[in-house]
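*Asks:* Chain B is already provided as a structure; the job is to place chain V on it using the hints.
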Amino acid sequence: MRVVIAEDLTLLRDGLTRLLEAFEFEVVAAVDNGPALLPTLLQHRPDVAIVDVRLPPTYTDEGLKAAIAARTAIPGLPVLVLSQHVEPLYARELLTASGRGVGYLLKERISDVEQFVQAVQQVAAGGTALDPEVVSQLLSRREPLAGLTPREHDVLKHIAEGRSNAAIAAQLFITEKVVSKYINNIFSKLGMPPSDDDNRRVLAVLRYLDA
Amino acid sequence: MSFGDRVRAGLSATGHGVVAIGLGLLNGPVLALWLVGLVLSPVPMLGVDLLHITTMVVRWRADIERRLGASAGVPIRRPYRPSPDRAELGSRRWARWIITDPATWRDMAWLLPGSVVGMTLGVITVAVPAYGLVGVVLLPLWLFLGDVWFGYGVFWPTATVLEAWSAFPQGLILVAVGLGVAPLLRRADMLFARLFLAPTKAAELRLRVAHLTTTRADAIGAQAAELRRIERDLHDGAQARMVSVGMTIGLAERLVRRDPGAALKLLAEARMSNTAALVDLRHLVRGIHPPVLAERGLEGAVQALALHLPIPVEVTSHLAGRLETPIESAVYFAVAEALANIGRHSRAGSAWVRLRHTERRLFVEVGDDGVGGADATRGTGLHGIERRLAAFDGTMMISSPSTGPTVMTMEVPCALSSPRT
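Quick note, the sequences are listed as chains B and V, same order.
Heads up: take any position in the first sequence, counting from 1, add 72, and you land on the numbering used here.
Heads up: take any position in the second sequence, counting from 1, add 2, and you land on the numbering used here.
The hints are simulated quantities; they were obtained by calculation from the structure and are not laboratory data.
There may be inaccurate statements among the hints.
[What the hints assert, rightly or not] One side only, chain V facing chain B, incomplete, derived with CB under 8 Å:
| id | residue |
| --- | --- |
| 1 | N276 |
| 2 | P293 |
| 3 | Q305 |
| 4 | L309 |
[To be verified] The following label-pair restraints were derived from C-beta to C-beta distances:
| id | chain 1 | residue 1 | chain 2 | residue 2 | range |
| --- | --- | --- | --- | --- | --- |
| 5 | B | T168 | V | L418 | 22 to 30 Å |
| 6 | V | E228 | B | V185 | 34 to 42 Å |
| 7 | V | I222 | B | V100 | 48 to 56 Å |
Quantities reported herein were computed from a predicted structural model and do not represent experimental measurements.
All C-beta atoms, glycine included, are put in the ideal place defined by N, C-alpha and C.
Same shape as in the complex, but just chain V:
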């Protein structure tokens, strides 16, 4: 870390120290508010709503601390249980959800100690460099104010001019130490907060299990649906056509001596059916695993997709190798859906796709200059993308203000295999 970086980090940590003092002052009132909410919660009608609101205030305060933690290099994850379905929202369920979540009580337990630790460390963080700063400017101040001899640092009271001079280096050292230590103090504060505000091992596992259960069910459901679709397509398409080819050839066989002309016609018909069967198979294969994806990987396949759109699509890609096949396929279909949406709804004049792989994560951006207004909670297609990616712990975000443009960002943790030779 360069000197400049250290100074910047120190200054930013000192700034956060000031914020921490202010936030620490909030903790007491927030706790009092929640306790009032808890005491009043049995009151019919309003009680539960009040508890809900006060709990949200507590969580808002804790979330601020988590965000500060992330900025200080101590990420703190949210531990709360998922809220019950709003449709079956009964006041008793709400209360139970809040009261039985251990995270609620851990938030409470943190509020006062957190305030004490946060404010103490905050004061130290701010005070040391501030006192150092005083030392640095003390001498000119003295000379300006005249013979007002106080004292500074190790010389107290200051007796001689030499001792007064020594305030300057002392002050410099204190500023340096203060700024150097400030990030560590911030970190210590956040580590303390993490003891309370991060999910416990049990809560973490519970969240993970809940996530895995949903995504597994989705993945299995999607796979079963896909197999059913393939079976139906084969049955109604290629298979049926091949049956008809067989019948037609059989008929032609019987006719070939008696009526060669008719037999010839039948054979031509058989050839047509055969071609139609191949068309069906080709479409089916494209839907299962597009050949261009197998041949060119994600980059080439996305470029091929781009050519199918009626507007120019710029594809930029920085992938140093191939992805694992299942992920490649999921991302391909996600991009295909996104591009299809652009073609259908966006009224865009141009679009772009960016592929990038850093720190064991694949980032995909699909954007256009169209009208916007895409909503992930509505379209089934977008929801399908989300579910497809979720099976790989991937996420999708969409930014689409009603004035446009739309940018869809997908992120999937995955490894990159070495480039093909």
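Same shape as in the complex, but just chain B:
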């Protein structure tokens, strides 16, 4: 799997490259600033881009803007955005165009190497991976989505974090069958027509963010 990295801190950039290569990813390019990102992505067309929010030259949200621009230029380009802090506002902006192939994680999640690699693969495959912190911030502010039971709400939260049915089942100590029953309940309660399951998961997350 081919990866492009945008990260300005050398230590982190090299560490990330080493880590991904250890898991058989191919890091085709690593840039250290915002403006260089889009041309690099256009040139290499990677399977996934891993982008830091704060990049030179402005050291503000350069990376986020570049990531959103890249997704406009290359529709469907999977992007995993990393940051020192997470904002629901940014998550919403990332997801506005399309929820497919988007990840938004705290940098410190990298330290749980296996879960991080899983998230990268998930995003590359077109899934969604939101940081539990974003999800919990969204969760704390809103009344539960109309009509969802607390348990269904929990399941939706795990979907937003990018977990598979099996992972959700393990987390909640229930069987996968029960999980998919909950998920079907969620879909019908959110008024989503039956279609390709993956796409509906993403739609559910978007609905969740917009609540």
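*Replies:* Same frame as chain B, but now just chain V:
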């Protein structure tokens, strides 16, 4: 200024002229009242209260003049010394506060001359257009009343019908001149009043120094408290956790050959502590200078705040650039506090934030449709906002009737830097 505007200004100034005549009549009695109060002030028990009341009457009269001044384009600031603390209210202190304030005596000095000047100019303001108006309607009046030949303007007495006809244009000219001059006369009256009623240079400086002393003390106090909080948070939070990470890794090092399983467990533990330390640091950073504020400026940061509230918050913003960092930060925390209050107390169904920058001032409004009853003198949070803004000469006002809704308005003088590219 268009013709219509001039007419309107003239009419309004003439109206104020009438008001000035009425108010001028008040001045004499007000002065007499105060002198009675002053003479009776040594009387035990009642004397000081009487002086206080009569002084308030004088100040009420002077304040009316200041408000009129503002409406005539001559702003006159209040010059009075701040009143002594009500808790340590001794009658002698009260009397001293009133008697030793030069502004009290300047008010006195103004009352009579102010009355003379105000009434004279008021009479002129009203009389000229009134006489002009008479000229305009004179001819039909004559024709209606028959041969009652008086006189008008330059023809006195009026001898011929032609001369009678000429009253009309003369009257028109007088009305025009009267209305044109009226605003100038009002202005002259107010400039005269300002000589007495505005703070002297010394008083102005004294007020400014008093303000600066308080706000500086507040700013320094707030900064010191903030530094103490940061130090404590670092010490008890991230620092302590990093110490434990170091210890755990050290232990793992010793165990790695003898008992790799245990070492692995310790390393996992170290990683958890490390994550916890990062969480602490992130919260700390958010409290010092929120990253979203650094990245998006006030607009974006307020939008991010709005997303944290359980109710819909509409954010409208018309800022053409970025504010200076310290002001941005102060306003951000003020809005954060206001929104938090809405979340905690208002029971509102929706809220809104408006940001606007005009004439080198930033205006921020935070409102909700909740229950109201917020009181700036009670909550420490609101008081904190006031102090934060005061350091930048900013002000906060809150309107929150007990039936709701609540609207908080903040105003900070500041420049806007050119938009980021």
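*Asks:* For which of the previously enumerated hints does the structure constitute a violation, in increasing order of number?
*Replies:* none
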